[in-house]
Amino acid sequence: MAHNSLLNAKPKDYVFEPAQAEQLRLEQGAYGERFRSPVAPQQQALVSTAIEQVCRPTILLEIVFYSKIHLVQPDEFVLKAKDYHKILREETLLLYNDVKDNRKIYQEWADPDGFIESAVANSTAAFAATTDAVVGFFKAVKRAPKPDIEEFDKLIDRVSKVAYDVNAAAGALTYENIHEIGIQLALIREDSRRLYKAVDLFRNRAIDSAETITKGLETAEGASFQVLALVPTLTGMDPLREAAYRISLIVLRAGGRSAGAALAQTSIIRELCGVLKADVPPMLVEVISSVLRGAIPKGAGKELLIFIVKQQVEFLCDLALMVNERGTNLKEDDIKQLGMNRLTSCLSELISKLLGGRPSDTGVQRLAKSLAENTINTLWRDALTARETAKTQGREFWDVFLAEFPWTIVKIIQGTFVGVLQRNASRIAFEPHSEDGQQKSLDILKAQKATSIFSGKRLTQPNASTAPKRAPLGPMSLNEYRQWQQELFLHPDIAGQLRRYAHDSEQYVAFRVPSNAMALHASEFSKRPKPLWLKAKSATMGETEGLVTKPTTARPIRQDNEAAVATWEKSVESIKKNGAMVREDGVVFHPDMLRDAAKVDTANTKNYERVAQVLTEFQAKGHFDLTDPGTVRALYEAYPHDTDLTRFILQKARIGYYPDLDLAEVFDANTGDRIPVGAGNEKDPAELAYLQRNRSNLDQAVNINDDVRNLPPEARGPDGKPRVSLDNKSPHVQSLFQHGADNEYYKPGEGGPIGVVGPDGRKWYFQNRDSFEAGMRTILGQKYRDPGQRNVRGILMTKNSKDDPTTGAMAKGSGERIDTAKFNRIRWYYERTRQDTPGLGVPVPPHDIWMSLFQRGLSLEPAVFALAHGGRWSDLHAILQKHGTFAAIDLDAKNLVIAGATPESFANGLARLARTAIDLGALFVPNLTVWFELYSSYKPVTSDYILNRIGGPDPGVSSAVADVSSAIPVFQPKPGHKLYAFALDGFHPSYTPPPPTPAPSRPDQLSPADRNRLYRDQTVGSFGLQPPNFGKVEGQKLLAAWDHLTTRKLTFEEVKILGRPVAIFTAGLAACPANIEPMEIPNLFDREERPALLVS
Amino acid sequence: MAHTEDRHHEVAQGETTVQLALEAGHYWSTVWQHSNNAQLRQLRKHHNVLLPGDVLFIPAIRRREVSKATDATHKFVRKGVPEKFNLQFLDYDNKPLANAAYVLILDGSASTGNLDADGWLRVFVRPDIRSGRIEVGPHGSLAACDLNFGHLDPLSTLTGVQARLRNLGLYDGPIDGETNDLLKEAARAFRLAEGLPEGDEINDEFHQRLENKHRS
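As given, the protein sequences belong to chains A and B, one line each in that order.
For any residue, its number in this note's numbering is found by taking its place in the first sequence, counting from 1, and adding 436.
For any residue, its number in this note's numbering is found by taking its place in the second sequence, counting from 1, and adding 245.
In short, the hints are calculated from the structure, not lab data.
Glycine included, each C-beta is placed from N, C-alpha and C at the ideal position.
A couple of the hints might just be wrong.
Some, not all, of what chain A presents toward chain B, calculated at C-beta under 10 angstroms [claimed, not checked]:
| no. | residue |
| --- | --- |
| 1 | 483 |
| 2 | 484 |
| 3 | 485 |
| 4 | 489 |
| 5 | 509 |
| 6 | 512 |
| 7 | 601 |
| 8 | 603 |
List of simulated lysine-lysine pairs, DSS-like, C-alpha gap at most 25 angstroms [what the hints assert, rightly or not]:
| no. | chain 1 | residue 1 | chain 2 | residue 2 |
| --- | --- | --- | --- | --- |
| 9 | A | 522 | B | 429 |
| 10 | B | 313 | A | 516 |
| 11 | B | 429 | A | 518 |
| 12 | A | 578 | A | 536 |
Partial list, computed: chain A residues near chain B (C-beta under 8 angstroms) [stated by the list, open to error]:
| no. | residue |
| --- | --- |
| 13 | 482 |
| 14 | 487 |
| 15 | 488 |
| 16 | 490 |
| 17 | 492 |
| 18 | 493 |
| 19 | 515 |
| 20 | 592 |
Taking the hints into account, I'd like the entire structure generated from these sequences.
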């Protein structure tokens, strides 16, 4: 008999720290406003000039009951203070009873002379062989260390005191009193939760130790279910979650029973259905009634509700059985037939009660059918989705379906009530004077207060939870984890949370793609993401690459080592304060990490534990930097017997912090607004944490655990659980980012690759800031705004700089309103003009070039490039990076377009293209058609000249002309001539995409080329763009203009790169109409027009 | 557009005497103090707080000749332009948002400044301004609201009561002149705050207290 876990326990295992108010992480309750906000979001003031008037914004107060925060306006508080007080009084009594009941239950466990012992004894009496074991077990339970029962008494005393306060507060219903009582109750509930956790640990150990007493165990489990049933009350779950919890419990019990009987799978499900049908309806009705708080119209009372819920539960069970048994043979019609009859009848019943009339009335029937159809469709989708998910994730259908089951039921109830109520209420709008409709509608509208509480919505206030429901985001698959890791270099710890956060908050989160250093350490679970308090830089070179490392002049860790040293100096105090240390090789770590590392190196667990202890003590004495010889000496002196072991373990353990994630920008998916995540300077670290938590109930959002089975092995600990727990120990998503968006917002030109995670769980990778802008333009569509225009509520960005045109443009015209389009044009023009001070022409923005290529169905995907060459993507990538050019390939891998802008001068732009072509020459196969496109001036050019000039006899190409002169003959020196300017003449075809592929009638007969084209059209279409259908695409023909020094006679010849002509575009194709559209030039920016060709 | 003939104008929502006078080319006082508007003056306390349906007499523009010397610069100032806009911001405890920073957006132009020590915003605006937005405190954290100029109806009307209760943060229902549950709740809250007998009645005393509180 194994009694070890029970008897070997230490009393301290069951000791817990009482909760403090600031530790409470209270969830949003269903009542009141959804978002914590100091002011009402949409307040309007009705004012007039020349008089005095007052504006007093509303604020929100936090009322806590049942351990949830409910945000109410002060006036509402004044009106309902009595109600809140009543709720708190009930809560106090409930808590008092709960704690007392739990005490009784625990007493049975702690000193089993009561019902458990007799139950177990009775059940084992028939088995003489087990009797001794049972006696031994109970002796051990009595002897073993266990939670102190007095802890329950303390709680009871505390609740009693609150009960006294509650009574006293009846005469003084101030906000402070009500708030304080709520907090006190929440604290007691939290402490009772902690106490019960200790009790649970003890109980589990007791059950473990009785593993050989099978019958006893079964009975003990029965008792444990009784205890489990109290959990929702103890933890103050909200009603819907409670429903989910209880249903899970029922499933668990049913599973346990049937498992014992070794039934076949179908039988298990049938038994399960039996349990569901018997237990669920009354319980759900109880839950729903409590949520609706008796506001259900009297005609449709509890009995009717039970009837409806029963019908629906039975339907769901039948549906689930059918899906499970018939699998793929199940037809949609079967489902609909099954559900329609049952639902229509029950909805007709309900509607007739609500609206009057008989269930058989035509109008009632029609409405009922309409509602039933909607419901059935929802269910059908849910069931199929569950089946699909079960299939792809290798889980049981029931496992998946039941996970959503409570919500499905709730969805139906909600659909039924809210649908009928709202439909009826809308009569007011459409038939205000119809016979008895108005009065009934008004009655129903009043009843809608119930629906508003039901859905957590306050009347007339916007509410995220009442927005149209979106498809739920399933857990990530193993494959997805890998993809995110490979493409965005995101550690599995982070990828899941980021994706979940973007979904739940309906935001696009853009972040700088970390160097692959983050992913370098993904397989080592004793490493952690950089916490908020750790500001030091991670190494980008050397042996500690990818880990936060102490930089020194002698041992630089990155290119900007000086900055890293300066940051380190600032971070030292925080490192010490938070208990972190520096290894001898400079890696920053925390002694606690050793305990994780020990789980891998299990043979040395004790050594790791010892070293962790030594280091923790050593750190507490103020030592932290083991790169300092003095500190190592101090270690020797303090721990002469442990120092060698410490150094050995530290050298061996794979511990450290990998880099944090840098945020670029966050967009509201519904409006395209930029969500403020910081004041734009580095003094607002983790602003995101506070802002977003308030805005999005973030805690709740990120606390959803992804299915552990989908975690890649490296993200799992030895116990199979996520190695970073996704709940309270997790670095919440906000702590993935150490600071706000900094200044990226104002610097659209800079930056490396940017990753974006969308609300639908999708991800994007953009090579740089400009392609990011182009990408967001397509992702957000009409909601996209230029970087300067994205502030919330449409407030235009203003700067203090006198040079900035925004202020000037807006103030211009003494009150004349400048509309957004005009403002954009002026700003755009200003930006281009400002950049073009030397008058050398301005490059088309890279995102327009990117769009030109993308919109023609050209691909920038490595996989497509791989079709055309044997080289590596990194080679191609490096070449493009080096020359600042773009390359894109068609999906048949027959056409390659090399494109570039004219960042310095026209000549340099040409040279970049030529150098790209030369470098790529070795990579591409000969039968590839190469097209050259150069994107030029912002200003519409005429067909006969380009304003740009090269200047003097030097063609303006920065490095030796020789390296491109072979590729572009115009750069070869000509005796007696100097290259002066380029000119355009006529048009020249460039890459034109084949027409869109019609939808295939027989997909299996598509040729590979057609399949590729179809894919292309769909890809372009998925960005909200029209499939490519440009017809003929022509750019202007580039000619060189040679100034003959002697005769001044101009000579022209066509410019070619490696024998191919170059097409010039003055803007990205259709991507940026403002570039093409002729514009009125404000006087401010006017400048002298120059003749086509100046003669020097 | 200056009018050359006398006319009677039926006031629409959002219109004020100042706006209408400006359009007609008058100083507002010329219109408001006209003997033909005597009855309206008795009905409405303030020339800028009118009710839709009120009839305002607008006299024809008068031509005036002024003799001035040539070859010199002469300055003519239009009276009543711009207008003063006064709005006091209080917190929930009715304390002024003293010296708080604000951003005011009027007709697409943004300006910034600080409220005075008593929480007053006092700025000059164009008389025909119709809408705007103000945010007080960082990111509008102390107060943020859209401004609808000329939409404040007289206190004697139910829409006027609704508007003032809304400005005081007590009412967020429609401004429709209809008694509804939200208005009753707001009235109840206001009476409670003002120490009036419990209930939702809107009577003369209620009007008086509301005028004092709202200052108009």
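To see whether the hints hold, each was checked on the structure:
1. 483: 6 angstroms, holds
2. 484: Hint on residue 484 (chain A): holds, closest Cβ of chain B at ~4 angstroms, below 10 angstroms.
3. 485: 4 angstroms, holds
4. 489: Hint holds; residue 489 (chain A) Cβ to chain B Cβ min 5 angstroms, cut 10 angstroms.
5. 509: 8 angstroms, holds
6. 512: Cβ of residue 512 (chain A) sits 8 angstroms from chain B, so the hint holds.
7. 601: Violated, about 24 angstroms.
8. 603: 24 angstroms, violated
9. A:522 <-> B:429: Judged against 25 angstroms, a Cα distance of about 23 angstroms means the pair holds.
10. B:313 <-> A:516: 71 angstroms, violated
11. B:429 <-> A:518: This hinted pair holds, its Cα atoms lying about 18 angstroms apart.
12. A:578 <-> A:536: 21 angstroms, holds
13. 482: This interface hint holds because 4 angstroms falls under the 8 angstroms limit.
14. 487: It holds, given that the least Cβ distance between residue 487 (chain A) and chain B is near 5 angstroms, below 8 angstroms.
15. 488: The hint holds - residue 488 (chain A) has a Cβ within 8 angstroms of chain B, the shortest such distance being about 4 angstroms.
16. 490: This hint holds: residue 490 (chain A) lies near chain B, its Cβ roughly 5 angstroms from the closest one there, short of 8 angstroms.
17. 492: 4 angstroms, holds
18. 493: The hint holds - residue 493 (chain A) has a Cβ within 8 angstroms of chain B, the shortest such distance being about 4 angstroms.
19. 515: 6 angstroms, holds
20. 592: 38 angstroms, violated
The earlier numbered hints that this structure contradicts are 7, 8, 10 and 20.
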